[in-house]
Amino acid sequence: MFYYQLRNELWKLFGKKRTYIGFGICLLAEAINILLFRYAHNPRRYLVRHLELMGYSSDKYITNLTMATSVLVPVAFVLLPLYVALVGGDLMAKEAEDGTLRMILARPISRLRLVTIKWLAGAIFSILLALVLGGFGILFASFFFPSGGLFALLPLDGLFSIFNEAEGWQHYAAATLALSANAITIMGLAWMFSCCNVKPAAATILALSVVLTSRVIQEIPYFHDWQAWFITYHLSLWMRTFQQPVPLGDIAQSLSILLGFNFTFFIIGSSIFQMRDIKS
Amino acid sequence: MIHLQNVSKKFGQRLAVDDLTLLVPAGEIFGLLGHNGAGKSTAIGMMLGQVWPTAGDVKICGHDIAGSRKLALQKVGAIFEAPVFYDYLSGWRNLEILSHYTARCSPARIREVIAWVGLSGREKGAVRTYSHGMRARLALAQALLPQPELLILDEPGDGLDPEGIHEMRQTILRLRQELGLTILLSSHLLSEMELLCTRIAVMNQGRKVFEGAMAETRRTRGWVRLRTSNFAQAAALLREAGLIEQDRGEKFILPAGGIGTDQIVAHLVARQQAVFEIAPEEETLENFYLSLMRK
Numbered sequence: 001m002f003y004y005q006l007r008n009e010l011w012k013l014f015g016k017k018r019t020y021i022g023f024g025i026c027l028l029a030e031a032i033n034i035l036l037f038r039y040a041h042n043p044r045r046y047l048v049r050h051l052e053l054m055g056y057s058s059d060k061y062i063t064n065l066t067m068a069t070s071v072l073v074p075v076a077f078v079l080l081p082l083y084v085a086l087v088g089g090d091l092m093a094k095e096a097e098d099g100t101l102r103m104i105l106a107r108p109i110s111r112l113r114l115v116t117i118k119w120l121a122g123a124i125f126s127i128l129l130a131l132v133l134g135g136f137g138i139l140f141a142s143f144f145f146p147s148g149g150l151f152a153l154l155p156l157d158g159l160f161s162i163f164n165e166a167e168g169w170q171h172y173a174a175a176t177l178a179l180s181a182n183a184i185t186i187m188g189l190a191w192m193f194s195c196c197n198v199k200p201a202a203a204t205i206l207a208l209s210v211v212l213t214s215r216v217i218q219e220i221p222y223f224h225d226w227q228a229w230f231i232t233y234h235l236s237l238w239m240r241t242f243q244q245p246v247p248l249g250d251i252a253q254s255l256s257i258l259l260g261f262n263f264t265f266f267i268i269g270s271s272i273f274q275m276r277d278i279k280s
Numbered sequence: 001m002i003h004l005q006n007v008s009k010k011f012g013q014r015l016a017v018d019d020l021t022l023l024v025p026a027g028e029i030f031g032l033l034g035h036n037g038a039g040k041s042t043a044i045g046m047m048l049g050q051v052w053p054t055a056g057d058v059k060i061c062g063h064d065i066a067g068s069r070k071l072a073l074q075k076v077g078a079i080f081e082a083p084v085f086y087d088y089l090s091g092w093r094n095l096e097i098l099s100h101y102t103a104r105c106s107p108a109r110i111r112e113v114i115a116w117v118g119l120s121g122r123e124k125g126a127v128r129t130y131s132h133g134m135r136a137r138l139a140l141a142q143a144l145l146p147q148p149e150l151l152i153l154d155e156p157g158d159g160l161d162p163e164g165i166h167e168m169r170q171t172i173l174r175l176r177q178e179l180g181l182t183i184l185l186s187s188h189l190l191s192e193m194e195l196l197c198t199r200i201a202v203m204n205q206g207r208k209v210f211e212g213a214m215a216e217t218r219r220t221r222g223w224v225r226l227r228t229s230n231f232a233q234a235a236a237l238l239r240e241a242g243l244i245e246q247d248r249g250e251k252f253i254l255p256a257g258g259i260g261t262d263q264i265v266a267h268l269v270a271r272q273q274a275v276f277e278i279a280p281e282e283e284t285l286e287n288f289y290l291s292l293m294r295k
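Chains as they are written, first to last, in the working numbering: chain L, 1 to 280; chain W, 1 to 295.
Chain L with its partners taken away, still in its complex shape:
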């Protein structure tokens, strides 16, 4: 039964048009960014200047991998959290708001099982969105830029890395996979708020507020030494896959902490939902 219930949850999720808004907007943002890099002078010159300052040939590193990575950064920072939070915030609260939750809970399904299949459906959506973003970015970039090495430039995080083509693909794939952990965690946070007696929009806004507040405080120089205490530091683990050498211990630590956060969100969300009265 668990398989059928999860499949049904995915039917519900992917049957809604609003589920695809996230995919649509993220892909559009990536496409616009890549076209700007291709046809506008300034963004490309910015990359070329940094490459040449470091003594590398821009011809060799203005590639599909470099462009795909460059467009992934803004999308991963702004749009991905927004759309996974939107879906996570909808998962429980929208059913309660629409009244379908009462229909479901008139059936002999336990509340724990219900929240579990909902969380899993949200996690599948989050993984898919992260993978599609990574996949589409490299696909679209490949139409306009040659293949070659990867130049990862993230000035805010002090990251400047150069990889040959084979290494570049590995790092790009690892970043896309690690981005899934980021997406699942933000979705799980919104899902937790969605288990409370709130409107779907409120759950989404609360989750985004937590992420943004954490990010803002983390970026204040005074808190720099404490940044490992902030969730956003660990949500950025995907960017650390571009470091040379890859800080595997640091990434494993962030993954474990994110796992802990997800577990905590799940326990809190499911406990709140278990105690709640479901009324019309």
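Please keep in mind that the hints were generated in silico from the structure rather than gathered at the bench. Any given hint could turn out to be false.
To be verified - With a cut-off of at most 30 Å between alpha-carbon atoms, the simulated DSS-like pairs for lysine-lysine come out as follows:
1. Lys94(L) to Lys10(W)
2. Lys199(L) to Lys10(W)
3. Lys124(W) to Lys94(L)
4. Lys10(W) to Lys70(W)
5. Lys16(L) to Lys124(W)
6. Lys59(W) to Lys16(L)
7. Lys124(W) to Lys17(L)
8. Lys70(W) to Lys279(L)
9. Lys75(W) to Lys94(L)
10. Lys279(L) to Lys251(W)
11. Lys279(L) to Lys10(W)
Given the coordinates of chain L, work out where chain W should sit on it, guided by the hints.
Frame of chain L; chain W shown alone:
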């Protein structure tokens, strides 16, 4: 089928249901009446394990809803006011999704139920294209899929037109006759409740103020409707003879203890009073309900 024992529910400081004891025997169409906010929906929520009681025990089909929810709801179907579905999915898909929360349901069973509620041919269309009546039928179909023994209907006539209400009434009677279901019905439509229910309970401000057979609500309380050529004169003659205790409204008399309508008629006819009609006053559910609310 349903047994609530001293059940109470508080939302913050507000007592929504106060010490409610209710017994719905198998085979009944049991009506739950009350004004808005009387606690009917909260009581139904507690029966379905959607609302946690502050005190008391709720048993459905012999199983405690808090401890054995799965067993308790295995043979229960429910319909709520203004049926809502996943509008962007087809009726068929909605039925599949909702039935899987109980148990796996075969396509043959879904087809059978769709035919029973009269939705054949429309099941593949998106629910957003359904009329209110079709949604009501789909709601019934989802409730019937797990082959329930108990059906809980919370305001099922809400928003239906007169034809829809008539259809709903016929359907509820069919459910009892053809499928032998026990039905708990909560509604504001007193006339419908009067036509359908075999027993009722009335709630007022969270408390049960009446529970009994529908026949009890129609009890005459002794008043008799009398139509004569001159009611005032007839009433005076009857009072003089000590045959009645009271009269009211140019229409009703209250016979004295042990006096039958035959004696009243004989007395009036013997005194040249034409008697056109004499019959026990039968109280409507509406009058009965309003008298309970005034107490």
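Hints, verified against the model:
| no. | hint | in the structure |
| --- | --- | --- |
| 1 | Lys94(L) to Lys10(W) | holds (25 Å) |
| 2 | Lys199(L) to Lys10(W) | holds (23 Å) |
| 3 | Lys124(W) to Lys94(L) | holds (24 Å) |
| 4 | Lys10(W) to Lys70(W) | holds (25 Å) |
| 5 | Lys16(L) to Lys124(W) | holds (17 Å) |
| 6 | Lys59(W) to Lys16(L) | violated (38 Å) |
| 7 | Lys124(W) to Lys17(L) | holds (19 Å) |
| 8 | Lys70(W) to Lys279(L) | holds (20 Å) |
| 9 | Lys75(W) to Lys94(L) | holds (27 Å) |
| 10 | Lys279(L) to Lys251(W) | violated (47 Å) |
| 11 | Lys279(L) to Lys10(W) | holds (13 Å) |
Checked against the numbered hints given earlier, this structure breaks hints 6 and 10; the rest are met.
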